[in-house]
Amino acid sequence: MTELPLIGEAAAAPSAGSPDTSRLAGAKIGVITFPGTLDDRDAARAVRLAGATPVALWHADTSLGDVDAVVIPGGFSYGDYLRAGAIARFAPLMSRIIDAANSDAKLPVLGICNGFQILTESHLLPGSMIKNDHLKFMCRDQVLRVENNNTHWTSDYAAGQEITVPLKNQDGQYIADEKTLDALEAEGRVVFRYVGFNPNGSRRDIAGISNTAGNVVGLMPHPEHAVEVGYGPESLDGIGGSDTDGLGFFTSVLNKIVGDAK
Amino acid sequence: MSTSAETVSKKFNIDTVENAAKTPDTELPWAELGLKQNEFDEVVKVLGRRPTGAELAMYSVMWSEHCSYKSSKNHLRQFGEKVTDEMKKDMLVGIGENAGVTNLGDGWAVTFKIESHNSPSFVEPYQGAATGIGGIVRDIISMGARPVAVMDPLRFGAIDHPDTARVMHGAVAGIGGYGNSLGLPNIGGEMVFDSVYQGNPLVNALAVGVMRHEDIRLANASGKGNKVVLFGARTGGDGIGGASVLASESFDDTKPSKRPAVQVGDPFAEKVLIECCLELFKGSLVEGIQDLGAAGISCATSELASNGDGGMEVELTSVLLRDPTLTPGEILMSESQERMMAVVTPENIAAFEAVMDKWAVEYSWLGEVTDTGRLIITWEGEVIVDVDPRTVAHDGPVYDRPYARPEWQDSVQADSFTGSVQDAGRPSAPAELAAAVTELISSPNMCDKSWITNQYDRYVGGNTAMAMPDDAGVVRVDEETGLGVALATDANGRYTYLDPYHGAQLALAEAYRNVATAGAVPMAVSDCLNFGSPEDPDVMWQLAEAIRGLSDACMVLGIPVTGGNVSLYNQTGSTPIHPSPVVAVLGKLDDVARRTPSGWREDGQAIYLLGTTAAELDGSEWSNMRGHLGGLPPKVDLAAERALGEILINASRDGMIDSAHDLSEGGLAAALVESSLRYGVGARIALQDVLDRDGVDLFTALFSESQGRAVVAVPRSEEIRFKDMCTARNFEHLRIGVVDAASGQLEINGVEPLPLESLREAHEATLPKYFG
Numbered sequence: 079m080t081e082l083p084l085i086g087e088a089a090a091a092p093s094a095g096s097p098d099t100s101r102l103a104g105a106k107i108g109v110i111t112f113p114g115t116l117d118d119r120d121a122a123r124a125v126r127l128a129g130a131t132p133v134a135l136w137h138a139d140t141s142l143g144d145v146d147a148v149v150i151p152g153g154f155s156y157g158d159y160l161r162a163g164a165i166a167r168f169a170p171l172m173s174r175i176i177d178a179a180n181s182d183a184k185l186p187v188l189g190i191c192n193g194f195q196i197l198t199e200s201h202l203l204p205g206s207m208i209k210n211d212h213l214k215f216m217c218r219d220q221v222l223r224v225e226n227n228n229t230h231w232t233s234d235y236a237a238g239q240e241i242t243v244p245l246k247n248q249d250g251q252y253i254a255d256e257k258t259l260d261a262l263e264a265e266g267r268v269v270f271r272y273v274g275f276n277p278n279g280s281r282r283d284i285a286g287i288s289n290t291a292g293n294v295v296g297l298m299p300h301p302e303h304a305v306e307v308g309y310g311p312e313s314l315d316g317i318g319g320s321d322t323d324g325l326g327f328f329t330s331v332l333n334k335i336v337g338d339a340k
Numbered sequence: 009m010s011t012s013a014e015t016v017s018k019k020f021n022i023d024t025v026e027n028a029a030k031t032p033d034t035e036l037p038w039a040e041l042g043l044k045q046n047e048f049d050e051v052v053k054v055l056g057r058r059p060t061g062a063e064l065a066m067y068s069v070m071w072s073e074h075c076s077y078k079s080s081k082n083h084l085r086q087f088g089e090k091v092t093d094e095m096k097k098d099m100l101v102g103i104g105e106n107a108g109v110t111n112l113g114d115g116w117a118v119t120f121k122i123e124s125h126n127s128p129s130f131v132e133p134y135q136g137a138a139t140g141i142g143g144i145v146r147d148i149i150s151m152g153a154r155p156v157a158v159m160d161p162l163r164f165g166a167i168d169h170p171d172t173a174r175v176m177h178g179a180v181a182g183i184g185g186y187g188n189s190l191g192l193p194n195i196g197g198e199m200v201f202d203s204v205y206q207g208n209p210l211v212n213a214l215a216v217g218v219m220r221h222e223d224i225r226l227a228n229a230s231g232k233g234n235k236v237v238l239f240g241a242r243t244g245g246d247g248i249g250g251a252s253v254l255a256s257e258s259f260d261d262t263k264p265s266k267r268p269a270v271q272v273g274d275p276f277a278e279k280v281l282i283e284c285c286l287e288l289f290k291g292s293l294v295e296g297i298q299d300l301g302a303a304g305i306s307c308a309t310s311e312l313a314s315n316g317d318g319g320m321e322v323e324l325t326s327v328l329l330r331d332p333t334l335t336p337g338e339i340l341m342s343e344s345q346e347r348m349m350a351v352v353t354p355e356n357i358a359a360f361e362a363v364m365d366k367w368a369v370e371y372s373w374l375g376e377v378t379d380t381g382r383l384i385i386t387w388e389g390e391v392i393v394d395v396d397p398r399t400v401a402h403d404g405p406v407y408d409r410p411y412a413r414p415e416w417q418d419s420v421q422a423d424s425f426t427g428s429v430q431d432a433g434r435p436s437a438p439a440e441l442a443a444a445v446t447e448l449i450s451s452p453n454m455c456d457k458s459w460i461t462n463q464y465d466r467y468v469g470g471n472t473a474m475a476m477p478d479d480a481g482v483v484r485v486d487e488e489t490g491l492g493v494a495l496a497t498d499a500n501g502r503y504t505y506l507d508p509y510h511g512a513q514l515a516l517a518e519a520y521r522n523v524a525t526a527g528a529v530p531m532a533v534s535d536c537l538n539f540g541s542p543e544d545p546d547v548m549w550q551l552a553e554a555i556r557g558l559s560d561a562c563m564v565l566g567i568p569v570t571g572g573n574v575s576l577y578n579q580t581g582s583t584p585i586h587p588s589p590v591v592a593v594l595g596k597l598d599d600v601a602r603r604t605p606s607g608w609r610e611d612g613q614a615i616y617l618l619g620t621t622a623a624e625l626d627g628s629e630w631s632n633m634r635g636h637l638g639g640l641p642p643k644v645d646l647a648a649e650r651a652l653g654e655i656l657i658n659a660s661r662d663g664m665i666d667s668a669h670d671l672s673e674g675g676l677a678a679a680l681v682e683s684s685l686r687y688g689v690g691a692r693i694a695l696q697d698v699l700d701r702d703g704v705d706l707f708t709a710l711f712s713e714s715q716g717r718a719v720v721a722v723p724r725s726e727e728i729r730f731k732d733m734c735t736a737r738n739f740e741h742l743r744i745g746v747v748d749a750a751s752g753q754l755e756i757n758g759v760e761p762l763p764l765e766s767l768r769e770a771h772e773a774t775l776p777k778y779f780g
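For the protein sequence lines, the chains are A and B, in the order given. To get the numbering used here, take the position in the first sequence, counting from 1, and add 78. To get the numbering used here, take the position in the second sequence, counting from 1, and add 8.
By construction, these hints were calculated from the structure, which means they are not laboratory data. You may find that some hints are simply not true.
Said to hold, decoys possible - Below 27 Å or equal to it, Euclidean Cα-Cα: the simulated DSSO-like pairs (lysine-lysine) are:
| id | chain 1 | residue 1 | chain 2 | residue 2 |
| --- | --- | --- | --- | --- |
| 1 | A | 214 | B | 777 |
| 2 | B | 457 | A | 214 |
| 3 | B | 366 | A | 106 |
| 4 | A | 209 | B | 96 |
| 5 | B | 290 | A | 106 |
| 6 | B | 457 | A | 209 |
| 7 | B | 96 | B | 81 |
| 8 | B | 30 | B | 44 |
Same shape as in the complex, but just chain B (with noise of 0.2 Å):
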C-alpha cells in the first residue's frame, strides 16, 4: 500500500489482484497495521495468494479485536446460549446486528446499545466522546428507529489529578456538543473517578430509539442489481485506522501521538442524517442499511455483502472524497463520521434522490448487489479487492487466550477493610456519624453531578418524563397511551477487582434495581465490557468471570442481553483498569406517568427501608474515601433483587409508593440524603429496628453496601396495603421514619441533625471545586 507521504496526487501505483498474484514477496506492512504474523499467514491462505494493498487494510480493520472480537467471542456465547424460550419472547432482532430489537407492546419496538468509545476519548477528549455519541446513534438508526435519547457512563482518572480536568472538560462538552445538537436528551449515566482510569478513561455511550414493528430494517445487501449507495459526509482522512491502532493496542509513551487516528464530528451533518434516513424508512426506499462506524467503507461493504444473499461489486473512485489525496486503503479504513451506506432498488432510486436533495445531503451511487458471492473493489475499473465477504466480516480469527485466576486474588480478597489499618477511627459518636455523611456525599464519587448534567439537554423531545439524577431515565414513547421506557447504566469497577463473577452480577442487580425503582419492568440488557488486554492471563480471567457471572445472572433475572460492546486493552503499560462491564437495562412502563421519582415531596409520609442490611463494607465508598480496596464484594442474591423489583413495580402501579430510591454506593446514608435533596424535603430517621433486626451498628447501617435495598415514601393511607403486600411475598421491610417537610433537615437518631442547606452545600460544591 502506498502511504499519503507519496502520493500527492491520485496517480498512485494500484496494487491490483493480478498485481498481487505476480508479485507474491511483495513486502506488506501488516504489523504497522495491527495483524499478527499468525493472522497475516490466515489471510494469505484465505486467499490463495498475497492480499493487495487494499484487502490487507481491510483485513486488518475489520479482524481487530475491536470489530473482530476476536478474543472475547468464545466467552460472549454464553449470552446467546443461556436463554430461555420466556426469555426470548420479546427479542425481535437479537445480538448480532446493529442493536438489538425488543417488543414493547401496541405495535412499537424499542431498540438499545451501549458502546465504548474509550480510547479516541482520552487521545482527543471532545472529539472523542461526541464520535462516541455519533457513532451510537447511528447504530439505533441503522435498526430503522428514531433515537429518543442518549446516557453516558463516564469514568476518569483522580478527580485531583492535573490530566483529569482536561479529559473532564472535553468529554463533558463533547458528549453535549454533539448530543444536544442531534435533538436528543441526555437522560442519565454515571460519573466515577478512580485513578486506575488516570490514562485510560471510560466514556461509553448509549443510545435508544423506538419504531413500530413494521420499520425494523436489517444490515444486508440483497436481490441482484440493486444499488449501493454512501450517503451523508464526505469521506476524509480522519479515523484511519481508528478501530486497529487505537481501539485495539496499549498506549504507550513511546509511540508518536495517535491522534490523527481520532475522528472529528460533525452533529449537524448527523441530525440531517437521522432525518433524512426516517424519511427514507418511512417511504420503505431502502432494502438494507448499514452505518459507517469502525472500519468504515471496509465493514459497511463486507458486512453488508455477507449478510446478504449474493455479493457486492463496488467502484471506489466513486466515493465523495474530503481529500483527493487519499489512497484506496486509506477510503476503505476512514472512519469519517456522519455516513451511511444503503442498498436500494432501482426503481426506488428517483425516490432516494429526491429525499437526499430535499435535506440537501450528499450521496453517490458506488455499485450494485451481484450473485457472485464476491466482494469485488474496483479502482478505475482494476480490481483491488477479491474476498469472500464472510472471511473479511465474520470468519476472522477466533482466540481462546490462556487465563487464569490471578495468584494476587487470595491476598486481596483476604484483606477485609473491617480491622484493616485504614478503617482505624471508625466514626461512632453523632457528630463524628453526620461528619461522614456529610463527606461521604461530597466526596468525588457521590457528590452532586449536575456540573456535568447541567451541559447535557434534557428536555428536547418534549417526552423526558425522568432524567439525571433520578435512578433511571424514563422516556414516553406513545403520547397518547403513555407507554414508555425506563433506563438505567450501572458498574463497580471495585466489586469487580474483587469479585469480577459476582462484580458483573452486582451492576447488572443495580441496573435491574434502579430501573424497578422507577416503575419499570425490566426487560432487556446491553453491555459495554470494559477491560484490560486480553494477551494478559490475569485480565481474560476477569473478562471471562464476568461474562459467566452475567450471563447466569441473566437467566435468573429473565432477561436477555440484545446486544453491546467489548473494549479490550484499557490499560497504561502492563497496568489494567478494574474490570469494568457497564451494564445497561431497559424496562417498560405501561403509563409513564406511574413513574416512581426518587425524592421525597409529602409530609407525614411514612418512610420504609426495604431489604436487609449485613456488614459490608469491602469495596464500598467508605472504604474508598479511606483508600482501602480488598476483601469481598457485597453478597449478590438476585431472587432477592427479583422479589424487590416486583414489589416496587407493583407499588407503582397500584399507587402504594410516592418514591423510590435504591440503595447502592454509599448506602442508606448516600440514599436518605439524596432523596432529601431531590426536593428538598427533610425527613426524621430512627434505625434501632434495622440494627435490632440485623445485628449491625449505627456506622454499618449507614454506610454498609447491601445489595437488594430501597426506601421508600408511603402514604398515610396506603401503608396497611404495602405492609401487606411486603409480608405476603416474605420480603424484609421495616418502618425507618417519617417525610418531615417543615424541618428542613435530615434527623437521623444517633446522628447530629443535618441542615438541608448545608448538605445540599456540600454536594454540590465539589465537582464546581476541581472543575470550575
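Same shape as in the complex, but just chain A (with noise of 0.2 Å):
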C-alpha cells in the first residue's frame, strides 16, 4: 500500500466525479492520530478523494495550524481500554479541537467510530456508547438514512436519502436518557439512524448526531471506507448500495469551508 502523504506535501489528485478540485484543493482537512487510531489513513484518503488536502495531526500537539475542519478517525485510541475514548480525550490537541468547535469561527469538526466517542467523552456531543447488545465486534454493510442535511457534514446529502457504508465497531451501542434523546430529535440532531436493521442496539436508533450548531457530527459508521469505487460496501456484499455513498461528508464540508471563504 502506498503511504499517503498526510502532510500536504502533494497537491490533491484530482479523482473522477470530484467536485472542481481547483478550487478545493486549497482546502486543508486535519486527520488527527492518536496511539492506537486505524483508519487514520483511510480518513486521509478520503479527505483526498474529495478534492481537499490532508494534514496530519499528531494527538501530542498543541495547536491546529491552519487546518479548515478536522477528522478524528476510527480505531482503538489508547487500547479503550478503559472506555473509548476516555483517555483520548484528554491529549493536548483535543482541548484545541474543544476550543475552535466552539468557538465563533466553528471549526467542523466529524469524529467516525472511535473519534465519535472520543467527541462523546469530550462533551462536544451528547451521549455516550457502551458495547453492542449482541456483545460481539460486527463488521457489515450498514444502510443509513440522512435525517438532517443540514449540518457542515451532510449538506451534500438529501434529506431522507438512504447511503451505505461500512460499520465496524465492539462498542456502537448509543445511550442518552430519554429527555436528551428526546431534545435531540426536537432540535433536528439526530442526523443518521440506522435502517432496516438496528446492528447494535443504539436507542432509537441513531446512528449519529451533531452539536446545536451543526459544525460538530460524530457517528458510529464509517463513511470514509465508502469513498472509492471498488473498495467500499457494494464490491463486498453487493447489497444494492454504491461504492462511494460516503463521499459526500467530504464534499459536504469541502463545499462549506469554500463557500464561506467567498
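Taking the hints as your guide, dock the two standalone chains into a single complex.
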C-alpha cells in the first residue's frame, strides 16, 4: 500500500466525479492520530478523493495550525481498555479542537467510530456508547438514513436519503437519557439513523448526531470506507448500495469551507 | 535452576558458568523442560560441562520440536532443493528468515507467512488465537514490511460437541479482538468442523506485509560495538516454556492445566510497536531486528548472534520486568508478547530513543555485539550463559524418525464411498436432489461463514478489494498503479488422510486455483504443516509424504515455498488429527481493478463450466455428511491446474469474464449456490452436455469433487473470444447455463427449482444455530 502523504506535501490528486478540485485543493482538513488510531490513512484518503488536502495531526501537538476542518478517525485509541475515547479526550490537541469547535468560527469536526466516542467523552456531543447489545464486534455494510442534511458534514445529501457505508465496532450502542434523546430529536440533531437493522441496540436507531450549530458531527459507521469504487460496500456485499456513498461527508464540508471563504 | 516458588526476592542462588564447571553432578530438571536424555547429553558434550540453569532453559526451548524442526528438518529440505532458477527469480529472501520475501515489481516486495497457534488456542482460545495473530504480524514487521492483511484458517471439533462452542467463541473473538485493534483487514481463511480436531483445534494465522525493496530487514547482529536493545512490552511470567512444553507435546488429562504457558496479548502495544518499527525502518535506525516469539529472549539473542558475524554480550538484569521475582531462566524463556530486539549503531542511539519516546514505547539497552563468536549472558556481571550461539539456534538435534506406510492405509483406500452402506439411497429424483443441495450448503463445513467473518474488520486500510466469501482475499499495494496481491489458504484433512502425498498436492492445487480464480498470477507458497506425533511412524509417514507431495507439486506449478511452520504433536492420547497441511498461495495482480469476483451479477451472461467431472466422491463433503471416510481422494492433475489458471488469469486481464468461482469442497452444487447467493442473482442451468461428455449422472455432476474446475460468467459480447481461447488451449469447457437476474431462483434441469431466499436462509442459519 502506498504511504499516503498525510502532510499536505502532495497536491490533491484529482479523481473522477469529485468536485472542482482546483478550487477545493486549497482547503486543508486535519486528520488526528492517537496511539491506537487505525483509520487515519483511510480518512486522509477520503479527504484527498473529495478534492482537499489532508493534514496529519498528532495527538500531542498543541496547535491545529491552519486546518479548515478536523476528522477524528476510528480505531482503538490507547487500546480503549478503560472506556472508548476516555483517555484520548485528554490529549493536548483535543483541548484545541474543543475550543475551536465551540468558538465563533465553529470549526467543522467529524468524529467517526472511535472519533464519535472521543467527541462524547469530550462533551462536544451528548450521550455515550456502550458495548453492542449482542456483545460481539460487528463488521457489516449498513444502510443509514440522512435525517438532517443541514449540518456542515451532510449538506451534499438529500434529506431522507438512504446511504450504505461500512460499520465496524465493538462498542457502538448509542445511549443517552430520555430527556437528551427527546431534545436531540426535537432540535433535529439526530443526523443518521440505522435503517432496516439496528446493529448494536442504539437508542432510537441513532447512528449519528450533531451539536446545535451543526459543525460537530459524530457517527459510528465509517463513511471514509465508502469513497472509492471497488473498495466500498458494494464490492464486498453487493447489497445494492454504492461504493462511494460516504464521499458526501467530505464534499459537504469542503463546500461549506469554500462557500464560507468566498 | 531455582523455581519461582522459592524465589520471592531477587536473591537467587545464581548458577554461574563457573559454578557449573565446579559442580558437574548437580541434578538438573531437563526432563521437566522437555529435553530427552540423549539431547541433554548432547548439551553437555557441546559445552564440555553441565549447562547452567539459564543455559538449560535456552537449550530446552530452542531444541524443542516447535523451534528446532528436529523431526521435520530432513524432509523440509526438499522445499529448498526442488527449486528451479525460474522459481527463484522473484524470491528476494527465502526460507530461514522470519518470513520469505517475493518481488512484486515496481520496486515493491511482499512478505507473507502462515503459522500455527494450535495448542495455546485449545488451552485458552481467546488469548491463544489472539497471540497467534500477534506473533505472525511481528514476523512480518521484522522483515521491514508494513503488515497489510491477515487470514485465519480454523479447524475445530464437531459442531455439536459441547466444547466446540468454547473454542469457537474464544478463538474467533481473540482473532477479532487482536486483529481488529491492529488495523489489519482480515481477508479470508477457512472453517472446518471435524471430530478429529476435538481435542486439538487448529488455529493457524497468516499475515502479509509489503515494503520497498530497500526496506528489507534481516535478523542478524553484526558490527562489533553495536548496541543490543529490547523494546516494547515488559517481560512477564506468561508463556514460559510455551514452545517446549505446550507446542511440542501431546495433551494428557493426567497432567495439571497448562494455562500459565499461554501468553497474554495486548493488541494496543502491538499496534504502537508496528508504527514505531516502521518509523525506525524509515530512518534506517536499526542494523538487525528480530521479534520475540517462541522461546523469547533465548531465541532472539541466539538467532541474532548466530546469524551475525560475531558474538553478543547481554546483561539480563537490564531486562524490564512486569514481575520482579522472575528467575534468569524464566526471563530467558518467557514468551511475553509485543517485544522486539534490535541492533543499533552507537551513532543512532539518540535517534532510536527519540522514536521510542514519541510512541511512548519502553526500551532497555541490554548489551552489545562482540567479535568473540560467543553469546554471553550475565546476571549482575556474573556469567550465567557462555555458548556458541549456533549450537543453540541452528545446530540442534536432527532426527531421522522412522516412518512407514500405515498398515491400515490399504483398507482405508479400498473402502470407497460408492456402493458403501452410507451411499444407500443416493438422491436422484428432482425433489431429492433439491433437498440434497440444500442439505449440503447448510452443512457445517459448507454453510455461510459470516457469523465468523462479520467479527473481523475487512475494511480497515481502505485497500481490501476482495475478502470472504470470495475465493481469495485481494489487497491493493500501490494506490497509483493498482498493483496488488491475492491470497488463499486451503487444506483438506480428509483427502490427506486418504492419501498424504496427493492430499497435500490437492491443498496446493486448490489454493493455486483460488488465487488464479481471482485473476492473480500465483507466485509463492507458505505452508503450515499440522500433524500428529512424529514419534508415531504412521504420522511420520504422513508428514514425509505430504512434504514430498507438496515439494513435487511446487516444481510442476513453478512456485516456490518461501516459508512456513510445522506443528506436530497435534493429537489426543494416541489419536492424531487428520494430517492437515494448510497451504497458502500468494498471487500478483498488476491492477486489482481487474480482479474477478465469485458472484454473478449481469443478467443474460453465459455460464461456463471449465474442466471435466469424474465420479469422485471419496473424501467429499457429501460422503462426510453421510459419515463415510474412505477410498481415494480426487485425482491431481497439476498440468490441468496450470492450464486452468492461465485461462482464468488471461480472461480476467482481457475482460472476458465477469465472475469466476472455483470448484472444490461440495463440487458444482456448492459453487452454483455460492455464485448465486453472492449478489442474490439466480441462474438457469442445464447439465445434460456435461453428463453426456463425462459419462456421469446428475448427482455425480453436482456433488463430485473432481479438481481443475471452475464456473465462470461470460458477457455475451465476449463469448466467442472466450470459447476460442479455451479451444486454442485445448481445455474442456461447456456452456451450462445463463444468469437469470429476475427469477430469484437457481434452476437446474432435473432438480426442483431452488428459491434463493430459502437457499440463503438455509445457508446462513447453521452457525447462529450452534453459536448464537
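Would the pair residue 214 of chain A and residue 777 of chain B pass a check requiring their Cα atoms to be no farther apart than 27 Å? Holds: residue 214 of chain A and residue 777 of chain B sit about 16 Å apart, inside 27 Å.
Within 27 Å, alpha carbon to alpha carbon, are residue 366 of chain B and residue 106 of chain A? 25 Å, holds
Could you grab the alpha-carbon distance between residue 209 of chain A and residue 96 of chain B and see if it respects the 27 Å cut-off? Given that 27 Å is the threshold and the Cα spacing comes to 50 Å, the pair is violated.
Take the C-alpha atoms of residue 30 of chain B and residue 44 of chain B, compute the straight-line distance between them, and say whether it is at most 27 Å. Holds: residue 30 of chain B and residue 44 of chain B sit about 24 Å apart, inside 27 Å.
Does residue 96 of chain B pair with residue 81 of chain B here, judged by a C-alpha cut-off of 27 Å? 21 Å, holds
Quick one, are residue 290 of chain B and residue 106 of chain A close enough, alpha carbons at most 27 Å? 26 Å, holds
Going straight from one Cα to the other, do residue 457 of chain B and residue 209 of chain A come out at no more than 27 Å? Holds - the C-alpha atoms of residue 209 of chain A and residue 457 of chain B are around 23 Å apart, at most 27 Å.
Agreement of residue 457 of chain B and residue 214 of chain A with the hint, judged by alpha carbon distance not exceeding 27 Å: Distance of about 15 Å is within 27 Å: holds.
Figure legend: structure checked against the earlier numbered hints; the only hint not met is number 4.
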